[in-house]
Each structure stands twice: as structure tokens, then as C-alpha cells.
Amino acid sequence: MRSLILAVQFLTRLPTPQLKHFDPAWLADAARWFAVVGLLVGALIALPLFALGQIEPWLAALAALLLWVWVTGGLHLDGLADLADALGAAHSSPQRFMEVMKDPHVGSFGVIVLICQLAAKLVLLMLVAKAGLWAALLLIPAWSRLFAVAWSATLPPLAAGSGERFAWRSHWPSFWLAAAALAGLSAWISPALLAAPLAGVLWWAYLKKKLGGMSGDCLGAGIEVSETLLLLLLISATLIN
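Going by numbering that gives the first Met the number 0, the sequence shown opens with residue 0, and the numbers climb by one from there.
Any given hint could turn out to be false.
Here are the simulated DSSO-like pairs of lysine-lysine, each with C-alpha atoms no more than 27 Å apart in a straight line [what the hints assert, rightly or not]: (1) Lys101 with Lys19; (2) Lys207 with Lys120; (3) Lys101 with Lys209; (4) Lys208 with Lys101; (5) Lys120 with Lys19.
Cβ pair distances, simulated, as ranges [said to hold, decoys possible]: (6) Val105 with Pro190: 37 to 43 Å; (7) Pro155 with Ile239: 16 to 22 Å; (8) Leu13 with Ala182: 24 to 30 Å; (9) His104 with Pro16: 31 to 37 Å; (10) Trp25 with Ala158: 19 to 25 Å; (11) Gly87 with Ala182: 33 to 39 Å; (12) Ser173 with Val68: 26 to 32 Å; (13) Gly72 with Pro16: 17 to 23 Å; (14) Leu197 with Ala119: 16 to 22 Å; (15) Lys209 with Val105: 19 to 25 Å; (16) Gly106 with Pro16: 34 to 40 Å; (17) Ser2 with Tyr205: 25 to 31 Å; (18) Lys101 with Leu201: 22 to 28 Å; (19) Ala182 with Pro155: 37 to 43 Å.
Think of the hints as simulated: they come from the structure by calculation, not from any bench. A virtual CB, placed ideally from N, CA and C, is assigned to each residue, including glycine.
Please put together the full structure from these sequences, using the hints given.
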């Protein structure tokens, strides 16, 4: 259970038993539990949509969004802001890109992207609540965190850090088992999410072409972008039907 505890500690603010000892090498093994932690995050987010969605969708969406930010500690939002600042300021200079990525301050590009991301999630969550699709929220964080494992394993690290630590070099059987489980749950709960892997492939292709690799911030940003894309996919499928 050590690797599960580490995965929960890394990806959420949820209380866990404290480990008496810690070895950074254990972090790579914790990645096998990322999808499970995603299911836990999704279950928490789905609660306000289930309880309030048919009463007041906007209130349900706001509660879900605030809970989403709290339970993740803004970890992935921070990565999204850092990546936006680096891309906005670096232009074609790789050195400048890494300098901005390491800067702990948030610039104007990061602020703009954060506002757009939170606004997009709020509106999409309202539409999910209005359509009564709260159960699909179980799967969206799980798919997105599973994508992060694949990105980390298949893209070279831009710098030493959490992205490199979580590279999955020896757990592909667990990855495919988690992917198959999420596909089965998607077919049962929300068939539209069977197309979810496309979001992961799109972000992988973007990182490969634009940056040539990944970092911890790139993984966090990818989780945020994937979650929004999957919410949009869910709502689009509903409107089409």
C-alpha cells in the first residue's frame, strides 16, 4: 500500500497514513495508482453535481469546481500557468523557456490561461450538472492521470524533476490493465468517453512537436487540458444525441 499512499499524497490534499521512511525511487512505482487516485478525485467532484445538479446547476458547478481545486491543491493548475508563461515569454529560445518554467512567479500569460481554464470548467460542469451526467465525472480525472503516466514514459524529460521520477519504464502491464478498466467503465457509464484517449494523444503530439519532451509542469498542464477536453467531449456527445 506504500505506493498507493504516495500517489494519493502527491496528487491530492487528502489525509493519508504517514510513512516512517521515504525513498524518492518509490515515486516511480506510485504511478501505477494514478488512475485509481483519479477515480477517487472524480468521485468527490461528482458528489455536489449529484446532490445539487437538478436543483441549481450553477451552484453545483461552483461547488464541484472549488472542490476540484482544493482536492488537487492546484497542482496541475500551477503546471498549466508555468507552461503558459514559458511559452508566452520564450518565443524560440529553449534556454529562456526553461528559465521561465523554473520561475515560481506567475506572469500575465499564466493568469490569463488560469482564468480561461477555470471559466471553461465552471461552464462545462454546469452543463454536466444540468444534463444529469454526474456519474461521468468519476472517469474524467482518472483518464487524465493515466495519460500523464503515458506521457512521462514516452517523452524524454526536459529537466530533472517529478516528470522524470514518474517515468513508467517497468509498469506497462498495469497501465494497460488500468486503460482496459477505464474503457469498460466508460462503455457502461458514458460511451462518449471511449474516445478519451484521443485527448491524451493530442497532448502527446503537441509536446513532441512544440517542446520535444516533457516536464512535471507539462504533465500537470496536460492533465488540466485533458480534463477540459473530456468535459467538452461529454457535453458535445450529449448535444449531438
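In rising order, the numbers of the hints this structure does not comply with: When the structure is compared with the hints, numbers 1, 5, 7, 19 turn out to be violated.
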